Amino acid sequence: MADVRQTRAGAVSPVAHASAHAEHAHHPRQQHHFYSMEQQLEASILGMWIFLVTEIMFFGGLFMAYLVYRHMYPLAWTESSHELNVILGGTNTAVLICSSLTMVLAVRSAQIGSRKGQIVNLILTIMLGSTFLVIKYFEYKAKFEHGLVPGPHFDPHELLPNGSLVPLALPQGSQIFFSLYFIMTGIHALHMVVGIGLMLVMLVFAWQGRFTPDYYNPIEVSGLYWHFVDIVWIFLFPLLYLLGYHFGV
Amino acid sequence: MSSSGHAPITPVGTYIMVFVALLIGTGLTVFAASRDFGALNTPIALGIAVTKASLVCLIFMGVRYNTPLTKVVVVSGLLWLLILFGLGLNDYLTRSWMGVPGR
Amino acid sequence: MSSSFPLFPPSASSVSTEMDLLYLFIIAVCAFFTILVVALVVYFTLKYKRQHDTDVGEPIHGSIALELTWTIIPLILSLVMFGWGASLFYRLSRPPADAMDVMVVGKQWMWKIQHPEGVREINELHVPLGRNVRITLGSEDVIHDFAIPAFRVKMDAVPGKFTTLWFNATELGTFHIYCQQYCGTRHSGMMGAVVVMTPQDYEAWLAGGRSTGTAVQNGERLFADLSCITCHKADSTGRGPTLIGVYNSRVTLADGRTVVADENYLRESIMNSQAKVVQGYQPIMPVFQTQISEENLMQLVAYIKSLKPAEKKQP
Amino acid sequence: MTQERHSYLDEPYGLKAWLLTRDHKRIAMLYLVSITFFFMLGGLFAAGIRLELLTPKGDIWTADTYNKLFSMHGVIMVFFFLVPSIPATLGNFLMPIMCGAKDLAFPRINLLSWYLYVIGGIIALVVLAMGGIDTGWTFYTPYSSLSSNTNVTLAIVGVFVAGFSSILTGFNFIVTVHRMRAPGLTWFRLPLFVWAQYATSLVMILGTPVVAITLTLVAVERSLHLGIFDPKLGGDPVLFQHLFWFYSHPAVYIMILPGMGVVSELVAAMARKAIFGYGFVAASSLAIAILGFLVWGHHLFVSSQSVYAGMVFSIITMLVAVPSAVKTFNWAATLYKGSISWESPTFYIVGFMGLFLIGGLTGLFLATMGLDIALHDTYFVVAHFHYIMVGGAIMAFLGGLHFWWPKMTGRMYNEALAKTSAVLVFVGFNFTFFPQFILGYLGMPRRYYSYPDELQVWNVLSSAGASVLGLGYTLTFCYLVYSLFKGELAPANPWGAKGLEWTTSSPPPTFNFDTDPIVTEPAYDYKPHGTEVTVG
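Read top to bottom, the protein sequences are chains A, B, C and D.
Note that the numbering used here has the first sequence beginning at 2, numbered continuously upward.
Note that the numbering used here has the second sequence beginning at 5, numbered continuously upward.
Note that the numbering used here has the third sequence beginning at 838, numbered continuously upward.
Note that the numbering used here has the fourth sequence beginning at 2, numbered continuously upward.
Since the hints were derived computationally from the structure, they do not count as laboratory data.
Being a predicted model, the structure only gives us computed values, none of them experimental.
The beta carbon of each residue, even a glycine, is placed where N, CA and C say it ideally should be.
Hints may contain errors.
Under the rule of at most 20 Å between Cα atoms (straight-line distance), these lysine to aspartate or glutamate pairs were calculated in the EDC-like manner [as the list claims (entries may be wrong)]: (1) Lys944(C) x Glu961(C); (2) Lys1142(C) x Asp890(C); (3) Lys58(D) x Glu455(D); (4) Lys338(D) x Asp526(D); (5) Lys144(A) x Glu159(A); (6) Lys1142(C) x Asp1038(C); (7) Lys1142(C) x Asp1099(C); (8) Lys117(A) x Asp215(A); (9) Lys949(C) x Glu904(C); (10) Lys1145(C) x Glu977(C); (11) Lys233(D) x Glu904(C); (12) Lys528(D) x Asp890(C); (13) Lys886(C) x Glu344(D); (14) Lys144(A) x Asp156(A); (15) Lys420(D) x Asp526(D); (16) Lys233(D) x Glu1008(C); (17) Lys75(B) x Asp215(A); (18) Lys338(D) x Glu895(C); (19) Lys338(D) x Glu1132(C); (20) Lys233(D) x Asp1072(C); (21) Lys137(A) x Glu159(A); (22) Lys75(B) x Glu56(A); (23) Lys338(D) x Asp1062(C); (24) Lys233(D) x Glu961(C); (25) Lys944(C) x Glu977(C); (26) Lys944(C) x Glu958(C); (27) Lys117(A) x Glu140(A); (28) Lys233(D) x Asp156(A); (29) Lys528(D) x Asp892(C); (30) Lys884(C) x Glu344(D); (31) Lys886(C) x Glu455(D); (32) Lys338(D) x Glu904(C); (33) Lys528(D) x Glu895(C).
Sample of chain D residues facing chain C (criterion: CB under 7 Å; computed from the structure) [unchecked claim]: (34) Ser148; (35) Asn150; (36) Met312; (37) Val327; (38) Lys338; (39) Ser340; (40) Met370.
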């Protein structure tokens, strides 16, 4: 049996072999299993986009829940939305847009080989990201103070212009709104934390002068992630904060 | 698609223009929310958000310069989101048609 | 069903036979294809057994005609199944108008059953032969599922809403009720029995049971006890809309949408009064979410459903 | 011939080199060991279930223990065995080789995915040690979120982490297929296993995140009271079912599509013949993956979903039957005028075809809305998905394991025992699960701890079959492990099969090929009678 198999071995060979790539001089940052730097770059960008698609679906489940309950409880949605702070939310939107700008500028600095540009822009991005989280903290704090956290202690209060807290009657379904508010913005904030961590790593790499016009995959790919997190907020802001929001009402 | 795989270097001016457009978009959303357009409130807000997101996606994230494959990936991500929403709402929006509870 | 190797449950309702026919039809189609393919595979394997170690198969790469054949035939057959199945499902989803209303509430781990005449029972359901019976299902805790295999009917009891099923028993006897949706420790303890009786026996059974008033009467009492009546008056002078004739009518909500006031709308309006407020009224009604049991809720809805415009008397 | 060659198995040497490896082949072996462990654990729970159901009365376990047994059986078998089974072992091993690449696109992420799987698995074991969960693998709300008092939150964390590992595997495969193919290896020269894995990976990356967030919502509702499914707050428990099945129905295709890919490879190799209708088989994989996302609502026909939504889901479900039928007919047609070897992989594919046919066709019963009223949540459903996931997926997995075992380990197993165990598994499987179809129409509900007396006869038959099935699996395990140490050394191409993996040594060297391959011909290009025999 074994003998028969031995003679069969390699009897059919669908390939011709080539050893063309052995002559190439490898870039020091090229990993062994890639044929070329181009292949490596394309693989990492495609990889990040596919990862972002999973992120879209991850948030997609939440948006689905949002849609269903908004359809069920339109009144609760507008009235609860009114309790969110548009000024802080809007400021945060602007902060994130600024951070997206500094992010692209950091990537662009890598493309043109400016180490200083990378460092400055990455630091700005990290600072803006942190600003977002600080503002978010104050928003959450206010929600806790106003009893807007769902659960056994849900006890909505409203802050009047004179500074006093008065009880507030919110329609049924508003607990679901606030649950979704906390989960959606919470998971978004978690992504911001991850993003800031990523930017710190990029800052170290940039400091070490790792990125050259030939090789800047990590910073480019991290940038894609950062912009994605920004895009999620671009949708969260109008969908959560701006329902039934009217100046002076 | 250039053979190097790298996007051509975009001028800073383009980035600044997109940035300004995004800020204007944000202002516009808040402004639009302060006026009552009835049933159009949500479409207007979403329209602005989609425009802003597309700007970020195409320019900041460089999809404009990317391979067709990347574009397919982005579009299929959105398509699957629509499948989730569409077939899910297919239940919720037709629940009252039958006039029989729970059907 | 005394066979020691039973294949079918008792056939005891008006849809059992059709359900069995549909089942047998699909079995026939599937058996045909299973036998066809398995026979071919076994035949080919025997016939074309490798003779020499260096043999290879003949270079056949495909046939568009064959591909189309085995694309289109399964498509047509499956669409036939869909059509028949959807039609049966649709009919099983629409209770006949003349059906008697039985209320069933699932609770960990028992079925609480209430007849329209007010007689209550637990885990046992007595029904008359040959009458359409409509069951309104509710749940006090988690999802249960009310299933009677002999009648070929089944429906989830979902907390927070009402669901419905109906049947018409055609055989006398006692049949199983199962809970078919996993609901915790004693899920299998939610077995019950449905007893089909002749209409005369059923009346006698009802008369022997202890009734605390019909569902509508109980609902009316609750309507007064919970002070619903102070706002929802017979005319439109109350602080809440009048409920006479509201059932199955179109109501316009505060935000301009219109909904049909079906059982689930009435239910929601009692439990979560501010979710869908009728246009022209203030959202001042208290929330009864934690105060009304599932059974009382069913009685209240039964009462509101019974409020018909008194046109015939007035003229 | 091969024993003097350097292979991925023995260099670099040592435990540390294995645990920090970035070689896809070693990671595949690590996965193989870990999923085998979880398979045995899950099998143990299954034995506990079948033992209890021998008698109508609840007598061996308490009701709570029984509920935990089937819940842990489901969670472990689905999330820790079936989902990673073929993709993470055979897929991990073969995808780069079949693409003519040295490794997957992201070797470190591949290793990370194994570690995530192990962490998820350890969390599942901790949950088990703390008493297990009793929600069933489906985690239906509000039972899971408000009623159960077991460690549901921790179990969800475990499933979440394992899900992440599955996303990483899928994402790695997609990038590999797009960006790592050898020169000349066009899309339509790819082996069908690669097509099937590609389709599977799409499902993994598009579906898994949704179940991850859904289960997170349950965990958050349990621990932080941020309830969105709680009916008392106005939440809709049925929304959970929508979101859950958006992943968990396509997840069935995560389990069966790779099996279909394996069978395509095996049919071609064992018949030494090009797959009949290559294009149709490849396209049907993608069609199944895509249509699989449009049908989840057929799990909700009696869950108070709207009738009209049910009809939409029902008709699309019927459409899924078509690509599955196309595949089956094409496999059968491939055998026509083949040169069919009677070695053990053939036994497994013939078994697979029988079981998969029954499993797939019984899906039609459940997709037919009217009939689903009678069958929903009965043992018919249990039998149906076991025919697909055990009869189909595990049969294909074992067939693939036997087929590629010489390549993966460099050893041959005992052929006679392999055939015996294929027959044992086939017979045992049918005895276990066919009676459950009948029990289902008789109305026996799923997850019942005790049942009416008249249903006993079929349950006894089922439990008896399960013992044969268990024997079959045990036998397979024994001779495969034995072969690792005492098996005959395998030649590079023991089956005389086509495909890049058979052109390299058994087991392959660390970077798969000694020289980078260039592909010049389509897959399964078997030339008749010695026209292209070059002695190697």
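Next on the checklist: Would the hint on Asn150(D) be counted as holding, given a Cβ-Cβ threshold of 7 Å to chain C?
Outcome noted: violated (10 Å)
Next on the checklist: Holds or violated: Lys233(D) and Glu1008(C), Cα atoms, limit 20 Å.
Outcome noted: violated (40 Å)
Checklist entry - Would the pair Lys886(C) and Glu455(D) pass a check requiring their Cα atoms to be no farther apart than 20 Å? => result Answer violated: Lys886(C) to Glu455(D) is near 46 Å, above 20 Å.
Next on the checklist: For Lys117(A) and Glu140(A), compute the direct alpha-carbon distance and say whether it is at most 20 Å.
Outcome noted: violated (35 Å)
Checklist entry - Holds or violated: is the Cβ of Met312(D) closer than 7 Å to a Cβ in chain C? => result holds (5 Å)
Checklist entry - Hey, does the Val327(D) contact hint survive, CB to chain C under 7 Å? => result holds (6 Å)
Checklist entry - Is the hint on Ser148(D) kept, meaning its closest Cβ partner in chain C is under 7 Å away? => result Cβ of Ser148(D) sits 5 Å from chain C, so the hint holds.
Checklist entry - Straight-line Cα separation of Lys144(A) and Asp156(A) no greater than 20 Å? => result holds (11 Å)
Checklist entry - For the pair supplied as a hint, Lys949(C) and Glu904(C), is the alpha-carbon distance within the 20 Å limit? => result Violated. Lys949(C) to Glu904(C) sits at ~55 Å, over the 20 Å cutoff.
Checklist entry - Is the Cα-Cα distance between Lys338(D) and Glu904(C) 20 Å or less? => result It holds: about 18 Å lies between the C-alpha atoms, which stays within 20 Å.
Checklist entry - When you check the alpha-carbon spacing of Lys528(D) and Glu895(C), does it fall within 20 Å? => result holds (8 Å)
Checklist entry - Between Lys75(B) and Asp215(A), is the straight-line Cα distance small enough, at 20 Å or below? => result violated (24 Å)
This entry does not satisfy hints 2, 6, 9, 10, 11, 15, 16, 17, 19, 20, 23, 24, 27, 31, 35, going by the numbered hints stated previously.
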